[in-house]
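Trainee: Letter by letter, the chains look like this.
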Amino acid sequence: KAGVTQTPRYLIKTRGQQVTLSCSPISGHRSVSWYQQTPGQGLQFLFEYFSETQRNKGNFPGRFSGRQFSNSRSEMNVSTLELGDSALYLCASNSGRGPRGTEAFFGQGTRLTVV
Amino acid sequence: GESVGLHLPTLSVQEGDNSIINCAYSNSASDYFIWYKQESGKGPQFIIDIRSNMDKRQGQRVTVLLNKTVKHLSLQIAATQPGDSAVYFCAENMYSGGGADGLTFGKGTHLIIQP
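Note that the protein sequences, when read in sequence, are chains P and E.
Add 3 to the 1-based position in the first sequence for our numbering, that's all there is to it.
Add 3 to the 1-based position in the second sequence for our numbering, that's all there is to it.
Everything labelled a hint here was simulated from the structure, so no lab data went into it.
Predicted model, so just to flag it, every value in this text is computed and none were measured.
Treat the hints with caution; some may be incorrect.
Stated by the list, open to error - Not everything, but these chain P residues come out facing chain E in the computed CB check (under 7 Å):
| # | residue |
| --- | --- |
| 1 | PHE48 |
| 2 | ASN59 |
| 3 | GLY61 |
| 4 | LEU93 |
| 5 | GLY112 |
Unchecked claim - Which residues of chain P face chain E? A partial, calculated answer using Cβ under 7 Å:
| # | residue |
| --- | --- |
| 6 | SER36 |
| 7 | GLY45 |
| 8 | LEU46 |
| 9 | GLU51 |
| 10 | PHE67 |
| 11 | GLY110 |
| 12 | GLN111 |
Quick reminder that beta carbons are idealized off the backbone N, C-alpha and C, glycines included.
Isolated chain P (complex conformation) (with noise of 0.2 Å):
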């Protein structure tokens, strides 16, 4: 079956504008997560998903939101870029059962870069 899809791959953008960048999670997986990662900071947990209800969220600025469709496809948002910004933004897939972590797939990610 088909893996994580995000798009698009890449993205540029200047300060200051805002940016939505989309994940389609495995079929049948009805939780999405979202990670930003970053040389300096690493990987960390921006928010997950599940049935169309934001359950938990990371400690990020509220210039990143996020959302999920009924069909389980997630978009995430960030408003007023800023340089810092800049990192590979992953989605992950779960099937929601379980504890978090579990059969979690992530997708290629979308480097965002920040001029």
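Using the hints, position chain E against chain P.
Mentor: Here is chain E on its own, set in the frame of chain P:
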């Protein structure tokens, strides 16, 4: 906040030797630990996991050891192959009943295979 850390940013081993990658965690309430492998340009790939009520778990060529007394986690890779070259992350998870915390990742160890 509490975080999962790794002892070495880089580990170089000879092809065919066994590799041991270490990780220290600080949250004694964590009940689930996962090792991920991330190759260049790809998202993290699930390798093996272990629950806090276990000390050891084996997979194909990999073994994870958990020492809760000293809060230490290790990944052993037997007969290391060139394809094992990647960054390895340990991650912890604390399933908190009605809510679900995201994965907390360590900084990663870059495993380099010498021919």
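Trainee: Work down the list of hints and note, for each, if the structure agrees.
Mentor: Now the hints, each set against the structure:
1. PHE48: At about 3 Å, which falls below the 7 Å cut-off, the nearest Cβ of chain E leaves the hint on P:PHE48 intact, so it holds.
2. ASN59: 5 Å, holds
3. GLY61: Constraint on P:GLY61 satisfied, holds at 6 Å.
4. LEU93: 5 Å, holds
5. GLY112: OK, holds: P:GLY112 within 7 Å of chain E, min 5 Å.
6. SER36: This hint holds: P:SER36 lies near chain E, its Cβ roughly 6 Å from the closest one there, short of 7 Å.
7. GLY45: 5 Å, holds
8. LEU46: 4 Å, holds
9. GLU51: With Cβ-Cβ at 6 Å, under 7 Å, it holds.
10. PHE67: Where the cut-off is 7 Å and the nearest Cβ of chain E is about 13 Å from P:PHE67, the hint is violated.
11. GLY110: 5 Å, holds
12. GLN111: 5 Å, holds
Comparing the model with each earlier hint shows a violation of hint 10 alone; every other hint is respected.
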